[in-house]
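Chemist: Now for the letters of each chain:
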Amino acid sequence: MADVKTINLTIEGRPVAVAEGTSLLEAARTAGVLIPHYCYHPGLPVAGVCRMCLVEVEKAPKLAPACATSVAEGQVVHVHSEKAREARKGVLEMLLINHPLDCPICDQAGECELQDYTFQEGRKDSRYQEPKRFNPVEDFGGDIMYVPNRCILCTRCVRFMDDVAEDPVLNVSERGDRAYIGKFEGKDLTHPWSGNVVDLCPVGALLSKDFLNKARAWELDRTASICPNCTQGCNAIIETRDNVVVRMRPRANAEVNSHFLCDTGRLDYRWMNGQNRLELPQVARGTALLDADWDVALGAAAAAIRGKRALVVASPMLSNEALHLASRLVRITQGKGTFRVARGPEAPLPGVKDLALRAERAANVVGAEMLGFTKTDTPFAGVGAGDAVVIVDHALTDADLAAVNQAAAVVVVGTTLPVGLKNVAAVLPIANFSEEEGTFTNIRGRVQRFLQAKAAPGLARPSWYVLADLLGSLGEATSYFVPSDVFAALAASHAEFAGLSYDSIGLRGLPVLGAAQPAGGVT
Amino acid sequence: MATSREMGGLHAESHASHGSAGHGHGEPYEPVFVGARRKELDELLTRYPTKMAALLPALWMVQEDRGWVSEAAMAEVGEVLSLTPAYVKGVVTFYTMYHQHPVGKHFIQVCTTSPCNVCGAEDVVNAFLKHTKCGELGVTSEDGRFTVIEVECLGACGFATPVMINSEFVESVTPESVPDLLSKLT
Amino acid sequence: MGYPHTPHARETVVLSKYFGDRDAIGLDGWRKRGGYVALEKALGMTPAEIVGVVKESGLRGRGGAGFPTGMKWSFMKPGDGKPHYLCCNADESEPGTFKDREIMRWTPHALIEGCAIGAYAIGAETAYIYIRGEFTEPLARMEAAVREARAAGVIGPNAMGTGKRVDVWVHKGAGAYICGEETALMNSLEGRRGNPRIKPPFPAVAGVFGQPTTINNVETLAAVPHILNNGADWYKKLARPDNPKSTGTKLWSVCGNIAKPGNYEVVMGFPFKDFLYDLCGGPLPGRKFKAVIPGGSSVPIMTMAEAEAAVMDYEGMVEKGSMLGSAGCIVIDDAQCMVKQIGRLARFYAHESCAQCTQCREGTAWTTKIMERIEAGDGTLADLDTLLEIGDNMTGKTICVLSDSCAVPVVSGIQKWRHEFEAHITGKRCPFKHAAAA
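Protein chains in written order, with my numbering: chain A, 14 to 536; chain B, 4 to 189; chain C, 27 to 464.
Simulated from the structure, these hints should not be mistaken for lab results.
Among the hints, a few may not be true.
Said to hold, decoys possible - 30 Å max Cα-Cα, derived DSBU-like pairs, lysine-lysine:
#1 C:Lys346 <-> A:Lys72
#2 A:Lys145 <-> C:Lys81
#3 B:Lys54 <-> C:Lys108
#4 C:Lys190 <-> B:Lys54
#5 C:Lys225 <-> B:Lys54
#6 C:Lys346 <-> C:Lys263
#7 B:Lys54 <-> A:Lys366
#8 B:Lys133 <-> C:Lys459
#9 C:Lys299 <-> C:Lys316
#10 C:Lys316 <-> C:Lys263
#11 C:Lys103 <-> A:Lys72
#12 A:Lys102 <-> A:Lys75
#13 C:Lys286 <-> B:Lys187
#14 C:Lys81 <-> C:Lys263
#15 A:Lys96 <-> C:Lys346
#16 C:Lys103 <-> C:Lys225
All of these numbers come straight from a predicted model, not from anything done at the bench.
With the sequences and hints as input, model every part of the structure.
Modeler: This is the structure:
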């Protein structure tokens with residue numbers, strides 16, 4: 014590989030050294046200088062059309078578009094000189110002359126780049142006296158609606174569909190100030206990654222119907238997380254309002270999902286708010302289940318398991334921490350650990366390397382397998398009459414029920430109570446993934462942290478916490494105060510995880526040892 | 004007559020592109036690129052290193068055969084050149100000479116940009132509107148024979164006022180010569 | 027179709043020598059008039075030699091930019107293993123300009139010859155002539171001439187029997203002034219919307235189909251055979267003695283309120299006053315000249331004082347506050363309203379904006395709306411300041427200069443005919459409209 018030359022220049026008085034070929038805009042970013050822009054996006058090819066990023070370069074006759082100009086040795090660049098600011102003010106004025114005064118009813122308010130830059134640098138008033146251009150709202154199909162009046166024609170959406178999704182269903186139609194984003198009648202925006210155009214749109218022109226008028230941007234709490242819906246492990250942001258998840262958005266990670274999230278991940282979050290939750294521990298009294306204290310329930314659960322082989326069927330959406338503790342349960346009972354994972358069609362995003370909605374629709378299949386759980390379509394097969402079955406948040410089919418009900422005792426550790434179970438000795442309520450902290454291991458063996466986005470209902474506790482208490486009730490030594498303690502124990506006992514810690518994983522994730530190969534047989 | 008007006012769309016009977024009509028009166032679409040036209044397109048394709056480069060010529064063939072470019076035709080062109088219909092439509096709507104709706108039998112385009120404007124081009128426009136009985140720019144006459152629009156500089160400024168009728172280029176048109184010009188059209 | 031006038035005695039007919047001569051159109055007639063001698067000569071030279079001659083001649087781009095042609099050709103790196111392309115810009119849409127159509131109508135083979143020599147000189151085997159869709163007759167004549175020339179083996183896989191391939195193809199546009207911008211032309215040729223491209227990369231590095239490309243105007247290429255036949259020195263002598271930077275002849279397209287509109291070919295440096303009053307016959311009966319736009323609508327409007335003191339070459343026009351541009355000379359007399367015409371030009375630019383850059387897309391339309399409101403009598407003095415500021419925002423900040431071009435007539439108009447604007451504003455009506463009008 015040829016050596017890349019380093020170029021030295023000055024941006025806003027700060028010395029900058031970057032690789033040859035870097036744009037002024039990206040070079041400025043490394044120096045902590047944000048050059049305002051609209052059409053530029055690091056995940057898309059450069060367009061240079063919005064003209065917002067014009068900067069003053071000493072000795073150059075004209076202002077230079079920073080997104081489309083490469084660094085040159087010795088350049089002196091001014092982002093906030095009077096000329097550059099006047100140019101930006103001009104662009105903002107031009108963008109606003111036909112822009113409707115929709116802020117009070119526009120979903121983008123509070124996270125709108127037009128609002129933000131206008132507030133920072135724009136004119137205080139409008140001197141436009143002519144009638145504004147009007148076009149009616151369009152339904153683009155799928156989850157997307159288009160409000161042409163608000164569109165600033167940055168063309169990010171068109172470039173995304175053309176170059177990243179490789180499905181050119183959007184175009185720029187007409188010319189001049191009559192231009193708008195168009196599509197062909199009957200060909201809708203249903204590509205499995207098309208929801209990203211809503212994130213990409215700097216204003217409220219492209220909107221999610223799912224999120225329409227649901228919440229204001231400034232009411233949202235944002236938590237760094239990982240999408241739980243397949244093995245890709247896209248980095249995500251869970252947005253909540255009053256303890257309810259209202260939106261999922263991508264979090265940029267160059268190693269995993271670039272800047273994007275697929276529509277399945279984006280729109281499938283309602284289960285996190287499900288209302289039919291287990292909120293209190295329960296113990297069996299005759300054929301009924303009665304609410305009980307945690308101590309009583311844990312005692313009953315331990316009693317049901319002690320002396321038996323345990324079949325632990327654990328959801329592949331559980332964290333590494335929970336699965337590690339569940340696998341200890343398997344070991345101390347000389348039992349077995351299994352899981353089943355749902356499948357769906359794979360949907361790649363062609364413009365990004367190794368990014369797809371994966372066939373296996375759970376986030377921690379790889380973690381489960383690494384921790385000793387066997388993937389099978391019949392996770393409950395072979396239950397003996399003297400066995401205990403511990404169901405850790407795993408779904409059950411009718412066939413599963415028939416098998417489970419052969420067992421001597423069943424302990425449910427979960428978010429909901431499966432219907433039709435017999436011989437349930439104890440029920441231990443746990444948080445779902447959005448209500449606790451943990452890690453997943455993705456299809457490429459990357460361990461990634463997710464944080465707690467909302468509070469668990471009732472007396473439900475984090476999954477790892479409950480499993481640790483259950484192990485303790487069975488006589489095991491456990492003293493975990495925080496999930497990172499569990500992870501440390503996991504790392505100490507599994508070679509692939511050696512050397513990893515919550516601190517080192519951070520919010521970008523790290524691969525397990527030997528992660529160059531895809532894990533198992535998954536592609 | 005040609006007073007201040009909205010910055011109209013570029014195409015006759017515009018507000019066009021939002022859900023335009025189909026290709027005709029409910030008949031099934033007949034492809035253009037069969038037989039001789041297909042051969043012509045194939046020959047054209049040898050002149051360029053990409054199929055996409057034949058897009059403008061292909062659209063001209065459609066318009067020459069059908070008088071306008073329907074959505075079904077856009078889809079056919081896309082199919083033939085391996086382009087999406089949305090892409091083809093984006094190109095069609097950019098260029099003013101492609102009609103997205105049927106127009107009058109005689110599509111009259113009068114240049115009114117400044118070099119012709121100072122030579123009385125607007126009077127020529129008004130004469131056409133009057134004598135064709137169209138009454139309004141961009142609206143086809145009731146008998147379906149005429150549509151009159153203003154266009155930008157036709158590149159014949161020294162022969163003011165130039166007028167195109169379909170693809171026929173007529174120079175030095177005056178308000179006085181309009182009735183005679185129209186009388187020669189069927 | 028109209029016929030050109032008989033050349034005035036003070037014209038220097040080189041390119042326009044056979045305008046009006048029907049026998050010059052076909053291949054045989056063209057050959058009888060010395061056609062394709064230069065091409066034969068060129069194919070026996072090296073490309074570098076040809077570039078040298080053209081450089082020496084001082085030929086500059088005749089489409090409006092005036093960039094030295096030989097230098098442009100020299101940007102094409104020989105032997106890079108990539109297919110090179112020549113594009114001939116026959117999109118002629120600059121208001122006031124109608125010279126390229128004449129070259130193509132009357133002397134189509136002259137253009138083919140120029141394209142073939144140009145293609146060979148830049149190492150290209152393929153040349154495309156991009157002709158605007160409205161040019162029905164030039165398209166027909168050029169297509170016929172290309173067929174003739176191919177059939178006769180003048181161009182094609184074995185040009186003039188030399189074994190060298192020189193293909194020339196006609197490509198029809200579909201109605202977009204912006205496709206006259208060289209990078210937009212390339213996009214249009216590729217089958218895309220006619221959007222100008224950001225530079226770098228420059229066409230000579232990555233142009234049409236991503237390959238090294240040169241774009242030249244019709245008139246520029248038509249001059250090349252004459253330069254090869256008569257020599258660079260001959261071309262250089264066609265200039266002002268004190269200005270060697272502008273050489274050769276120029277076709278001036280004269281139109282508007284003038285007695286004898288048409289195309290006139292004069293030597294670089296011809297006095298503009300003589301040109302307007304003598305060659306072109308002066309104003310119409312009972313009228314006086316008021317303003318001249320010498321180089322197509324994108325150059326500053328000149329007062330008659332400025333115009334009458336100017337000489338007709340690149341530097342001479344700049345000296346008097348305007349530009350030679352495409353030499354599309356629009357003459358406006360005292361019966362016309364400057365506000366109305368400038369508004370009409372703004373409307374032209376607003377129609378033609380491709381919509382990429384914010385300042386152009388919105389600014390051209392906004393300018394038009396304000397101008398038309400002033401013309402209708404609803405303007406204010408503050409509008410004039412707004413127009414000038416919008417014009418400043420539209421200048422030097424966009425991918426191409428269509429935006430700047432819209433600002434030019436507005437700024438020069440307000441600068442030099444402010445009294446007309448003010449009359450509309452204070453009088454709340456256009457002083458030039460007949461009283462009976464609505």
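Chemist: What's the verdict on A:Lys145 and C:Lys81, does the C-alpha distance respect the 30 Å limit or exceed it?
Modeler: Outside the cut-off at roughly 51 Å; violated.
Chemist: Would the pair B:Lys54 and C:Lys108 pass a check requiring their Cα atoms to be no farther apart than 30 Å?
Modeler: holds, 19 Å
Chemist: Against the 30 Å threshold, does the CA-CA distance of C:Lys190 and B:Lys54 hold or violate the hint?
Modeler: Roughly 26 Å between the alpha carbons, so the hint for C:Lys190 and B:Lys54 holds.
Chemist: With a cut-off of 30 Å on the C-alpha distance, tell me whether C:Lys81 and C:Lys263 pass.
Modeler: The given pair, whose Cα atoms are some 14 Å apart, holds under the 30 Å limit.
Chemist: Quickly compare the C-alpha distance for C:Lys103 and C:Lys225 to 30 Å and report which way the hint goes.
Modeler: Holds - the C-alpha atoms of C:Lys225 and C:Lys103 are around 18 Å apart, at most 30 Å.
Chemist: Within 30 Å, alpha carbon to alpha carbon, are A:Lys102 and A:Lys75?
Modeler: With Cα atoms ~17 Å apart, A:Lys102 and A:Lys75 stay inside 30 Å; holds.
Chemist: Between C:Lys346 and A:Lys72, is the straight-line Cα distance small enough, at 30 Å or below?
Modeler: holds, 27 Å
Chemist: Mind checking the alpha carbons of C:Lys286 and B:Lys187 for me, to see if they're no more than 30 Å apart?
Modeler: Distance of about 29 Å is within 30 Å: holds.
Chemist: Hinted pair, alpha-carbon criterion (30 Å max): C:Lys103, A:Lys72. Please report holds or violated.
Modeler: holds, 29 Å
Chemist: Hinted pair, alpha-carbon criterion (30 Å max): C:Lys316, C:Lys263. Please report holds or violated.
Modeler: violated, 34 Å
Chemist: Can the restraint linking A:Lys96 and C:Lys346 be considered satisfied, given a maximum Cα separation of 30 Å?
Modeler: holds, 28 Å
Chemist: For the pair supplied as a hint, B:Lys54 and A:Lys366, confirm whether the alpha-carbon distance does not exceed 30 Å.
Modeler: holds, 27 Å
The structure is inconsistent with the numbered hints 2, 10, although it conforms to all the rest.
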